[in-house]
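Participant: Join the two chains into one complex using the hints; note that each chain is given alone, in its own frame.
Residue numbers (this note's numbering), protein chains in the order written: chain A, 1 to 355; chain R, 1 to 173.
Worth flagging that the hints you see were computed from the coordinates, not collected in a lab.
Mixed in with the good hints, there may be bad ones.
[Stated by the list, open to error] Computed list of lysine-lysine pairs in DSBU-like fashion (alpha-carbon distance at most 30 Å, straight line): (1) A:K23 - R:K75; (2) R:K52 - R:K147; (3) A:K150 - R:K75.
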Amino acid sequence: MFEHLDDPAPFWPDAELRSAAVKTGRRLRLRRRVAAVTAGLTLTVIPVGVAGALYVERRDNAIDRVDIATPTGEDGSVNILLVGVDHRPEGFDDSDLQGSRADTMALVRINTDGTVGVLGIPRDLRDPASGQRINGFADDPQALVDTIHKTLGVPIDHFVEIDLAGFIDMVDAVGGLDIAVDVPLRDDHSGLDLQPSPCTTLDGETALALVRARHVEGDDGNDFSRIARGHAVLTAGLAAVADGGNDLLTVDRLSRVLADHALLDDDLSLGRLTEIGRMVAAAGPAGLLPTTLPVAELNDPANGAMMLVLTPEAAPVLQQFGAPDTTIAPTEGAGPPVQAPRADSVGLHPCAGDR
Amino acid sequence: MTTPPDHRSFDDRFDDLSAIAYRVGYRLLGDREDAREVAQEALARAYARWRKISGYDEAWVARVATNLAIGRWRKRRPTIPFDDHDWGTSGRSSGDPSNLTLERYGLVQSLKALPRRQREVVVLRYLADLPEREVASVLGTTVGSVKQHAHRAMVRLRADLAPALAAPEAHDV
Chain A
1 MFEHLDDPAP FWPDAELRSA AVKTGRRLRL RRRVAAVTAG LTLTVIPVGV AGALYVERRD
61 NAIDRVDIAT PTGEDGSVNI LLVGVDHRPE GFDDSDLQGS RADTMALVRI NTDGTVGVLG
121 IPRDLRDPAS GQRINGFADD PQALVDTIHK TLGVPIDHFV EIDLAGFIDM VDAVGGLDIA
181 VDVPLRDDHS GLDLQPSPCT TLDGETALAL VRARHVEGDD GNDFSRIARG HAVLTAGLAA
241 VADGGNDLLT VDRLSRVLAD HALLDDDLSL GRLTEIGRMV AAAGPAGLLP TTLPVAELND
301 PANGAMMLVL TPEAAPVLQQ FGAPDTTIAP TEGAGPPVQA PRADSVGLHP CAGDR
Chain R
1 MTTPPDHRSF DDRFDDLSAI AYRVGYRLLG DREDAREVAQ EALARAYARW RKISGYDEAW
61 VARVATNLAI GRWRKRRPTI PFDDHDWGTS GRSSGDPSNL TLERYGLVQS LKALPRRQRE
121 VVVLRYLADL PEREVASVLG TTVGSVKQHA HRAMVRLRAD LAPALAAPEA HDV
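One chain only, chain R, in its complex shape (with noise of 0.2 Å):
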């Protein structure tokens, strides 16, 4: 198949593309230096598929950024969380009592839970805040089912979300 000619060069889309990464990098990771290593690796993940890519650049972008910060934030905890019940408390212990670092955590864990539309729905509509006609074009379906993917998604990410957001003390019910 031919290129066709609206695909840019990856040159002139690195910009773009790595301020999408850094974006999703540090809404999950909320640290500078990991969300520079994030941007870094997706991108360089990105020329070497270029070709295959470029028509759909901005989602795979924020597709693998997601994929590289959930990894890390894998790393940074030694033991996998099966039982989270008490991150709440834990997160406190660990001496970073910052709301926005549970609400990060549980972010990521609820993201990990969503079913696969779902999460995608989320990683390309408020992760990366790319535009509902381009998320629906990329996942092939229509604008409708996008906001309704959405939707449901939020729904299920407010439930998770809410025992970060309220008094992280009142947490151990």
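Just chain A, same shape as in the assembly (with noise of 0.2 Å):
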């Protein structure tokens, strides 16, 4: 298929590559146990049964992976960076060649007091050091992982990209989502009608034109409404791991949304996502904590584009997500803080006496 890209010369493996090979393999190897050791440390590991791990493992390696360095943190707290990635739709115009872009990104800690905290990260923040938006990195996972810990300065141990089939199919996997409507929720553009309801269950596809929809009628025309739109679902999404986390079927159809939609970092292995839907579960509707992130508009004069960055009311928030305590000196030209509207106040918010 692609011979006629092939080295014209005949490729062979000196023994000056061999040794460069062993000797970076060494230390890289050094590096994972000692990471191995450290997680060892701090965490169960929970039998599943010597079929079931045979089985699980079958399932684990038709997962993609892919092999990051991770910032992981030290106090046993483990932070999870999740990535909606928007690949390009079936169907798509032969001239329109694109990469993947970050639709949607939010950081899961799961806290040693076993609370879950969930931190939206909007897509148009800056990154400092190159004066990009932090999801232009969306398609090197390396780099984004990198630049957001760069960024926010929190750890970062694993790393869950999904594409947006993958999530329609995961909603669907764990039953739908439930979610109360307190109003009428329309956007002519995603194909969005949620009409008010105390409780409702959305299917994959209605959660995700929930989670892109860009022009719901009301919406004061930023970025904002959707990422609280984004927030509820997510937290509606832990909620229904919290509820179906422990049961095998949900575990097994999960990986089979996994296997065809989703890029895990190289150390995340199902048994340890399991083990963090168990933590998820664990926490309970009520032990998930959503945060938003206090940012400023910035208008960038380098490119005419408006980004956002973070305010010194970033600084507390972002150390309850692990980022080491430090002052964020405002940003010459930014405009006053934007505080991200909270889920309830786009109409959205968990059903009530939620189980």
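Facilitator: Printed below as a string of structure tokens:
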């Protein structure tokens, strides 16, 4: 198929290549072992039985992995970066060649006290080092992890990327998301049309329309309402995991979705993921703490684009997610702080008396 | 778990695996030095987790080499081409009018846009030249399903690569 792209000269691995690979390999192995011992001290392994383990391993091998170095935390908490990417949809236009873009990003933190923090990361956040939007790094997981780590100061222990079709399948795999809708939510662009209900169950397609909708009637035209809605859906999703995380059938369905649509970091095995699901389950819906990131708008003169920068108020919020205790200086030229609306202010909240 | 007897040592597998990594690296990058570095890094990473991956070493090395090569493309271009409508012309103005360079760039962009499963099949089947049966076994699926994914992926890749393979000057539609 691609033979015409081959090197015309035959390749022969020489001793120099071999010794260089082995030398670097030894160093990498040592680093991994140190990390594994550290992780092992803080975690308890959940036995799923020998047959289960074999089955899980088979499923596990079917999931795409990316080998990235993650800046891990040291206090026993676990930070997981969730990235929803927007691959080119079916029936794309031929000339429209483009890679993946991060549509939605969130940091989920399993605290040592069993609570679960959820921090939405605006994709227009500016990386101070490059002056680019952080979602510009979406096609390189390592660069994305590094940029978010540097920009926010938070550790990132695991990386989970899922595409839009995977999002739909995942919601359906957990049996839909339960959510209360206070006001009618309509968006002709995304086909969203939700009526008020004290507790409705969203299927995958509807949940995706809700997350992606940018033109909901009554929105003030910025990305924050969308982030708030994304937050509400993610919280409902975690609540669904909290409910079904112990159900082997749900785990099995989810693992199939992951195999087809997700990209996980190399150290995030299915067993580990199940374990994290159980931690979320243990926190329960009441233990979920959605948090918004204090930011301000900055009109970047370099490229004339509107981006977001952290405000000094972001420091204590980021500390809750494991960032070091530092102060954040106000960015010169930034506008007044924009508080992203909370999920309930966009008319969405968890179902009352849930479960 | 005990290691199955057919798991061979890293030393024994080095030649075959580095050839796969080099092939993937060269096909995507078109540069000997770059492809060699990709092979060296991929093999170093394989060494570090040999026990875990030796059961499916070829597929693992192919995946890692692909990711490394794509990462290198990213470094070659200081800005991320979100809008690639004019990549045919910008490729020309950079002083390298080679059709192969255009094809490689188009291939990398297309790979990034493919759904995960299709991308995986293309990497293992067509970039690393692994046999269909091995690809199926690594992905935990059937040969039929691999064929199906490969077919769908190739339809999309051909559509993507068509402008690069046709005369590039006729690209500005």
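Participant: Would you check the hint for K23 (chain A) and K75 (chain R), treating anything up to 30 Å between C-alpha atoms as holding?
Facilitator: Judged against 30 Å, a Cα distance of about 25 Å means the pair holds.
Participant: Would you check the hint for K150 (chain A) and K75 (chain R), treating anything up to 30 Å between C-alpha atoms as holding?
Facilitator: The given pair, whose Cα atoms are some 19 Å apart, holds under the 30 Å limit.
Participant: CA of K52 (chain R) to CA of K147 (chain R), is that 30 Å or under?
Facilitator: 27 Å, holds
In terms of the numbered hints stated before, the structure departs from none.
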